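With the hints as a guide, dock the two chains, each given alone in a separate frame, to form the complex.
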Amino acid sequence: MQKKILPIAIWIILTAAAGCGGSYSPKPPEEVSFLGRAETQSRNGITITVAVLSREESEEVFGVDLAANGVQPVWLDIENNTGKPYFFMPIALDPDYFSPNEVAFMNHLKFNRSANREMDEQFSKYGIQIEFIMPGERDKGFVYTNLDPGLKFVNVTLYEIDGTENFFFYFEVPGIQPDYENVDFTALYAKDEIVHIEDEAELRKALETLPCCTTGSEGGGGGEPINVVLIGDPDDISSAVVRRKWDVTEADTGTFKFDLGKAFSPESYRTFPMASLYLFGRRQDVSLQKSRRETDAAYRQRNTLRLWLTPIRYKGKTVWAGAVSRDIGSDLRIRKYWFAAQEIDPDIDETRDYMVEDVLLSQNVDKMGYVDGVGVSASEDPRYNLSKLPWWSDGYRAVLLFGKDQITLGDLGYFEWEDVGAIYDGGTGGDGAGAADEGAQGK
Amino acid sequence: MRFRIFLVISLCLMPGLWGCSSYCANQDPLDSSEFSTPPAKGCKVYAPSPDPAKDVPFKVRAETQSEDGISVSAAVLSDHESERIFGVNLARNGIQPVWLEIGNTTDKPVTLIYVATDPGYYSPNEAAYTNYSYASPVNEEMNEYFNKHSIKREIPAGGVLSGFFYTNWDPGIKYLNVSIYGEEQEKNFVFYFVIPGIKLDYQRVDWDSLYKKDEYVNYETEEELRKVLEAVPCCATRKDGTGENDALNFFVIGDTDNIISAFIRRGWDVTEPISVGSGLRAFKAYFTGARYRTSPMSSVFVYKRAQDIGLQKARSTIHERNHLRLWLMPVRYRGMDVWIGSVSRDVGSYFTFRTPWLSAHAIDPDLDEARTYLVQDLLFSGGVEKFGYTKGIRPSTPDDPHRNFMKQSWWTDGYRAVFIFGDDPVTLNELDFFDWEWAGENGAEVIEFIKAMSAGKKQGQPAPTPVKPD
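Taken in order, these protein sequences are the chains called A and B.
Just so we're aligned: the first sequence equals residues 1 to 443 in the numbering used here.
Just so we're aligned: the second sequence equals residues 1 to 470 in the numbering used here.
One or more hints might be untrue.
Computed list of chain B residues with no C-beta within reach of chain A, every gap over 10 Å [said to hold, decoys possible]:
no.: 1; residue: His80
no.: 2; residue: Lys284
no.: 3; residue: Phe405
Straight line, CA to CA, 20 Å or less: simulated SDA-like cross-link-like pairs of lysine to any residue [claimed, not checked]:
no.: 4; chain 1: A; residue 1: Lys125; chain 2: B; residue 2: Glu186
no.: 5; chain 1: A; residue 1: Lys125; chain 2: B; residue 2: Asn442
no.: 6; chain 1: B; residue 1: Lys152; chain 2: B; residue 2: Glu186
no.: 7; chain 1: B; residue 1: Lys148; chain 2: A; residue 2: Glu131
no.: 8; chain 1: B; residue 1: Lys148; chain 2: A; residue 2: Lys125
no.: 9; chain 1: B; residue 1: Lys148; chain 2: A; residue 2: Tyr170
no.: 10; chain 1: A; residue 1: Lys388; chain 2: B; residue 2: Tyr132
no.: 11; chain 1: A; residue 1: Lys110; chain 2: B; residue 2: Tyr132
no.: 12; chain 1: A; residue 1: Lys125; chain 2: B; residue 2: Gly440
no.: 13; chain 1: B; residue 1: Lys187; chain 2: A; residue 2: Gln363
no.: 14; chain 1: B; residue 1: Lys152; chain 2: A; residue 2: Asp419
no.: 15; chain 1: A; residue 1: Lys152; chain 2: A; residue 2: Lys125
no.: 16; chain 1: B; residue 1: Lys108; chain 2: A; residue 2: Asp381
no.: 17; chain 1: A; residue 1: Lys152; chain 2: A; residue 2: Ser239
no.: 18; chain 1: B; residue 1: Lys451; chain 2: A; residue 2: Ser239
no.: 19; chain 1: A; residue 1: Lys84; chain 2: B; residue 2: Leu428
no.: 20; chain 1: B; residue 1: Lys148; chain 2: A; residue 2: Asp381
no.: 21; chain 1: A; residue 1: Lys245; chain 2: B; residue 2: Lys187
no.: 22; chain 1: B; residue 1: Lys386; chain 2: A; residue 2: Asp162
no.: 23; chain 1: B; residue 1: Lys108; chain 2: A; residue 2: Leu412
no.: 24; chain 1: A; residue 1: Lys84; chain 2: B; residue 2: Ile450
no.: 25; chain 1: A; residue 1: Lys388; chain 2: B; residue 2: Pro137
no.: 26; chain 1: B; residue 1: Lys212; chain 2: B; residue 2: Pro137
no.: 27; chain 1: A; residue 1: Lys245; chain 2: B; residue 2: Lys108
Hints in this document: simulated from the structure, not taken from any laboratory.
All values reported here derive from a predicted model rather than from experimental measurement.
Glycine included, C-beta positions come from ideal geometry on N, C-alpha and C.
Looking at chain B on its own, in the form it has when it is part of the complex (with noise of 0.2 Å):
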């Protein structure tokens, strides 16, 4: 009894104790000196960069596009950087300063439109006040210091300027659309970084000796290449090569860069390796149901090893998420990288008693409905030149599924998607098909369409109009 008194009385004082520490850390400017760490919220003394450029050195990892005389440099601050820069913890608060620098030599002002670079983007007050702190009479001097390092939209004829751009955060890889409008003409100049102070699974990667340089194998026609991806197991196995595990239901093939990229701009994040620093935030987000973007994922063994890249995309909780695993085979088609992957969707978490921490992600069993995700998903991305699907696993349904090692029953057609990634920017309209096969219940109709007007094509024909079918 005095225990649960003491419980409530400790539970009702805890807001109350946190609110007053930092309002007395507010009213006491020798406290922040028994600190070596920098001054931060809470404190009198507001100490942000004097020069962020010279005192930090994020611009060695700064870019440059040019393009009709419009220049844009671009570099995204780590935690760390930020927190050094602006005297804050802006990543707590779910901000990410982006630096532009942006050169016009044209002879007409450009606008930078920051709605299309970053449509939740913060104000420069707006950035302040959420690290404003009660009664500090340094509010001022950081919503002075905000706004002053601070881009602004309109770039005059032949100026340059440069400042922060204060987006929303994102983790592992930041992908940047610096949307530029000047004369009846926009501008999009795409980056992608690489974010420090966060590991990577695909960085514990040694890519080199994945294969020796005689193991790949290079194929050149389609039928060759099809005949090589009808062959790959159905499935995932054990760490020795035994059992049956995933689904391994598509392929990706193309330079890397463009194929992450591809993903990174439909909003895909990377993953963290499993260690001890992420597992306990899974934990964390376990228990809070909140969203863990790049949270660890178990491995899942093909040639013996586990994937080598590993992308999700959340939704709203840490339960519930589109996730994929990527494997580098050692094939190549045209001189191109060929990876296997597996896509599922996880719908939830339930009891159990087969991991050591008695709980495990539910995937939603309708193994289709997560390939046919990726594939709207893939084509939208701009970066997919040719697609199709191809036969390789076992067909099955709910009432005879396949099980993986965690019981978990999933079906599937049987049907693989592939996908063939190009350097440059692919409108749907343009899209290419491979006329092999064709998953759902009128694969074969869309295939003879497929057939027909690519022969119309080649003999450069608009595309035939089928019979109607009675």
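The following block holds chain A by itself, in its conformation from the complex (with noise of 0.2 Å):
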């Protein structure tokens, strides 16, 4: 028996011995690029510059693999110009931000001592001070927050005695990449070929007449229904989409890459590839997806909106028409590195009404309507989708306009298209009628 523990023993003293051989080398920020892509805002006195570190750019200035163990740091710089105290509130950007210790505690090496003090004192040092920013003076530092793959959206909240201030941040995020990176977006149309609309019923025709549905790569009937149109400048869409916890997706690159780590953590199922449906006669240009990150069939469970640019232009905004639906596990209960069986709500309005619902909270939408144009299916005679999986639908597409300024459910607009008998919907009374004509001023 004794003869046996010995070598487990020396196995034990090796492998942990193979964690101390490191020693501890961060660089300055100043030295890494990232400052080069902060984005500053300004408002009322307050100015505020805004990094997302990649995984390289975190590992050069802390000198640990920080994304391993998913922290991603924002750096953070807050000047405050203005008469009064502001309280900078982390809690507002990522409510279970880790603490300076505990990302120094994650990374420890195993018998180094003095470089694990080093470490402690290097996140706490770089870590951003929480207290009042007084006035005339200036708060700089990292915030560790969770990993966001590919895009982040960063709130940064400054209270004040008499209220707060919130500066809205997105940023792409280097390190995957994301389908839409493969589209060239300037491409897809010529000029001539461009539809410039101003008029709603203009609009209203043109969204009618968007094919039904998606098709196969060679053409062809039997896809899932073009169900949400979404007009706005990108920027508009995608930060408001974004605030939703939208995640983007990787481009597939259609070999088979069998990365153990990476297949397994939870930050790949969220940004996880997606199977192509066409549109236009092209793949979708924009693929993005929503994952229930608390369980781990985070990408067998997820809700997916396709996106295509088309030729609409309205009021001089890009027009998407997107199919959203909701994947609700694969068929074979094992994790699969392929899509084919890919199980979908049948009930796919029910999705379509998640999506007008996320996206209406994110108060970044101006106005809202329905119009036709998929065609009414029943589950007693299901249309059916490449996989041969059923779906129905009333019929509807939802539009959704975005815009730039915060607008809440009571001030929201309407498009008095089809009466689909939802609330946002207001055709169906006096007071909804009128709320779409402020609307309709208040353009």
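If you want it as structure tokens, here you go:
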């Protein structure tokens, strides 16, 4: 028995020792290039600069691989040139932010106390001070947030005694390759193909004549419905969906890569590649997804949104045709690396309504409505997508117009087109119509 | 060698056998009749409750609120109840059905906003699909059942709708915000439910015998309160009242229901007492690194008794969580309860000989960091009316730290946060401050600002603009 214990003990010591060979050598943040990507906003005497570090950058600054532990440092520089003290509240940026010592503890080396102490000091020194920033003062440093792959929404909330100020940023974080990077948006349409629309009635017609559904790669029927239309500047649309925690999707390279560590990490599930659907003869331009992070079934249970840029411009804003559906699981109850049997919720309007509610709560939607165009189908006589999975719909597509300002549900405007019976569509009562008028005047 | 081969083979076979056994169960309808338990997943019979409200008495726990012609009744199903009603173990898949009945006596339709009620809710088809078994003929039935008993979004004018809404699973106490939208107004109906089927640490406390009625001392003025709070010892003790353990670094004052509901709103979870069951679950979570949101806490003593209530907010694993302990004081402030609290942040676990199970949670030694987290969290909860800091702990530094009984060091600037909770929601700009002390390097300046502001408020003027430092 003792003979067996000895080699095991040696093996344990050796593996443990493998962790202590490293030394700790971080770089000062000024020498790392992330500040070049920083964005600055100023309002009423407050200036805020924010940058989100990529995996490589955070490794350079802190000397350890923070992303492996799900930590993403966000650089903040807050200047207060007002007459009041402001309190920076990182809890609004990430309710589960990490403390400096916590991040250091995750990365502690096994038998190297002095390096560990150095690490503690380093993380604390670089961490931002969470206290009142007095008039004329400046506070800068890192907040250690939970890792968001691809796009990151950063909400800087400053509290002063009479209320709060919010600054919204969103960043593309280098490190993963989102599928839309493979699309050359300028080459999609020639200049004379673009249809400029100024009038609501014309817009309605144009949206109704969009194809009902996606197709196979060779054209032909059997797709999923085009059930949402998003109108707005691409920046406004993406900041709204990212605020509601939709994630970008990694390009499917088509090759079988089996990176065990990556395949089973929750972050990679959030950006898991999506199957191609076709409209206008091409694959979706942008894929977005919102996975259930609480469970390990993240990519089998997610809402997916595929977007295609249309040739329509409404009042100069881009118009995107979208297909939204809910992945509810895969046929085989094992994790697998292909997409064939991804089951969707056949009641596809449920998912469309989810999308509408979710995006309205982002408060970036100015106006909404419904148009015809998908075609009615019932659960008794459903239609089928390419994987032979059934779906049915009341035939309406939701139209969402995005703006730059914050709009609460009460101030929302409506396109008075189809009466879907949804309350958001004000066509049902006199007051609702009034709201639509107000919305029109607000434009 | 032979053993190793056996091990490898059995490991390889395990998933296969597992899958096969459930498959076999599908094939033989007689199997289910051998068990007295209701037939569950994997059998050819799907036997949900034909009339949930009658079969399972969850409705007795339902709570009702009404406002402006809209009434909402809600009840949360326990794991056991949802299994009896739906015939499948929903809790295992992270689903917790909530029963809702919404009545609309206005003359306009209203909408239940699913996403505001639970941003990650399950659609009926999805909730059913998670419980499908391979090639089972009952899947369709299950799907129909889940759809039939779900609540729809739109409630017509003068109508009543009822049914289940499939939310994400929460242990212990569930915070439910039923969000209703109609005609340019949004209404929120807020409920807190203690979910049956789980023991909670505060349930073992005999509240009436903690103090005799005449032991409570009531204070009416802020100055008295400040003196009392400053005189509270710095730290928790051993069971006999000696020694210095964790720091007592905050106070919460108010109606206990208001206090606890503010914590629950911000995602804090209640705690199970140490027992065989909770111990096993914690042990399992320790080795798998899983999340265990109500994991038991060790006892820490103040007034020679263990904490009355433990609350925790878990991050992704059992090793990382913020946790706090509360003790009721024999003190009242304007008739409200006063609690001492101790909050700290668990940053991981380490190997030690100091506990029988050879491991302990490492706390963040910068104790004020956890206090600052709590301050932000509670101010955002909308429950705090007045807030400030008081002294009471000997300040310490990383070079000369305090140590708790686990010989872990901690340091602090010595301030304690004081929160007063009100009955009504308070937005951040209505918040009041005690002008006692303020934590942080520029605390003195902040106090001056607060004093100047409250002086301005008394004279009915807007807050004055302090002189900018050069």
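Problem - Pair hint Lys245 of chain A and Lys187 of chain B, alpha-carbon separation not exceeding 20 Å - result: violated (24 Å)
Problem - Satisfaction of hint between Gln363 of chain A and Lys187 of chain B, Cα-Cα up to 20 Å - result: holds (17 Å)
Exercise for the section: Assess, step by step, whether the Cα of Lys148 of chain B is no farther than 20 Å from the Cα of Asp381 of chain A, and give holds or violated. Expected result: holds (19 Å)
Practice task
Measure nothing beyond the straight line between the CA atoms of Lys386 of chain B and Asp162 of chain A; if it is 20 Å or shorter, mark the hint as holding.
Solution key: Holds. Lys386 of chain B to Asp162 of chain A sits at ~14 Å (cutoff 20 Å).
Problem - Verdict on His80 of chain B as a residue remote from chain A, using beta-carbon distances over 10 Å - result: holds (21 Å)
Exercise for the section: Below or equal to 20 Å on CA atoms is what counts here, so check Lys108 of chain B against Asp381 of chain A. Expected result: violated (33 Å)
Exercise for the section: Mind checking the alpha carbons of Lys152 of chain A and Lys125 of chain A for me, to see if they're no more than 20 Å apart? Expected result: violated (24 Å)
Exercise for the section: Verify the proposed pairing of Lys451 of chain B with Ser239 of chain A, using a straight-line Cα cut of 20 Å. Expected result: The given pair, whose Cα atoms are some 40 Å apart, is violated under the 20 Å limit.
Exercise for the section: Could you grab the alpha-carbon distance between Lys148 of chain B and Tyr170 of chain A and see if it respects the 20 Å cut-off? Expected result: Distance ~41 Å between Lys148 of chain B and Tyr170 of chain A Cα, so the pair is violated.
Handout entry: Pairwise hint evaluation, Glu131 of chain A against Lys148 of chain B, where the allowed Cα distance is 20 Å at most
Key = violated (53 Å)
Exercise for the section: Given the hint that Lys388 of chain A pairs with Pro137 of chain B, test it: the Cα-Cα distance must not exceed 20 Å. Expected result: Within the cut-off at roughly 19 Å; holds.
Practice task
Quickly compare the C-alpha distance for Lys245 of chain A and Lys108 of chain B to 20 Å and report which way the hint goes.
Solution key: violated (32 Å)
Taken one by one, the earlier hints fail for this structure at numbers 4, 7, 8, 9, 11, 15, 16, 18, 21, 26 and 27, listed in ascending order.
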